[in-house]
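According to this note's numbering, the sequence shown is numbered sequentially starting from 112.
To be clear, the hints were calculated from the coordinates, so they are not data collected in a lab.
Because the structure is a prediction, the values reported are computed rather than measured.
Glycine included, each C-beta is placed from N, C-alpha and C at the ideal position.
Treat the hints loosely; a few may be bogus.
Said to hold, decoys possible - Per label pair, the in silico range of CB-to-CB distance:
1) Gly185 to Asp236: 10 to 20 Å
2) Gly154 to Asp243: 39 to 49 Å
3) Gln299 to Lys246: 39 to 49 Å
4) Lys168 to Gly234: 12 to 22 Å
5) Gly291 to Ile225: 41 to 51 Å
6) Asp149 to Gly275: 18 to 28 Å
7) Lys246 to Arg180: 20 to 30 Å
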Amino acid sequence: MIRSKRAVSTTVTSRHTLMTATAQQLEYLKNSIKSIQDYPKPGILFRDVTSLLEDPKAYALSIDLLVERYKNAGITKVVGTEARGFLFGAPVALGLGVGFVPVRKPGKLPRETISETYDLEYGTDQLEIHVDAIKPGDKVLVVDDLLATGGTIEATVKLIRRLGGEVADAAFIINLFDLGGEQRLEKQGITSYSLVPFPGH
112 MIRSKRAVST TVTSRHTLMT ATAQQLEYLK NSIKSIQDYP KPGILFRDVT SLLEDPKAYA
172 LSIDLLVERY KNAGITKVVG TEARGFLFGA PVALGLGVGF VPVRKPGKLP RETISETYDL
232 EYGTDQLEIH VDAIKPGDKV LVVDDLLATG GTIEATVKLI RRLGGEVADA AFIINLFDLG
292 GEQRLEKQGI TSYSLVPFPG H
């Protein structure tokens with residue numbers, strides 16, 4: 112009985128240490144992201160993920176944490192949305208040992224594509240994907256640098272589903288949680304995960 116109690120105590124301590132380490136890692140990531148006042152226009156507080164990319168420890172850590180989360184999820188493809196989604200999606204795909212699929216603006220992909228239109232603050236835009244990049248039954252992880260209103264990710268999800276893929280999750284470095292992107296994706300049946308939350312502006 113004494114040995115059993117000691118074993119349980121050791122397990123609890125190990126889990127607590129792991130949780131503490133993860134919290135410290137996430138705080139490091141958050142501190143690596145610079146906030147720029149009045150960019151790109153007055154009243155906007157811009158969260159600049161390029162400062163994270165400039166820090167090799169933070170960049171590697173962001174990739175490692177996403178790979179660790181999804182390594183046993185059965186992911187068969189990772190999709191990244193132009194352009195900063197490429198910077199995180201491609202290394203996550205390598206870490207998971209699966210292919211990476213870029214979703215791009217019109218006219219940027221050379222093979223046959225399908226497109227999806229989405230709304231901007233003023234007007235609309237389009238995204239495209241190669242028709243042969245996703246196979247029916249593919250379990251897809253969507254990766255982007257930032258979740259704001261969720262418009263580009265919603266369009267990306269629609270492209271993947273039109274090709275027969277199953278979107279397992281959408282993962283982000285930053286979530287601007289005041290802007291409603293998480294709720295928008297939930298309405299599409301998509302669970303989102305982010306490493307660093309910030310209030311939206």
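Against the structure, the hints come out as follows:
no. : hint                         : in the structure
1   : Gly185 to Asp236: 10 to 20 Å : 32 Å, violated
2   : Gly154 to Asp243: 39 to 49 Å : 44 Å, holds
3   : Gln299 to Lys246: 39 to 49 Å : 21 Å, violated
4   : Lys168 to Gly234: 12 to 22 Å : 39 Å, violated
5   : Gly291 to Ile225: 41 to 51 Å : 27 Å, violated
6   : Asp149 to Gly275: 18 to 28 Å : 44 Å, violated
7   : Lys246 to Arg180: 20 to 30 Å : 24 Å, holds
Hint compliance for this structure: hints 1, 3, 4, 5, 6 are broken, all remaining hints hold.
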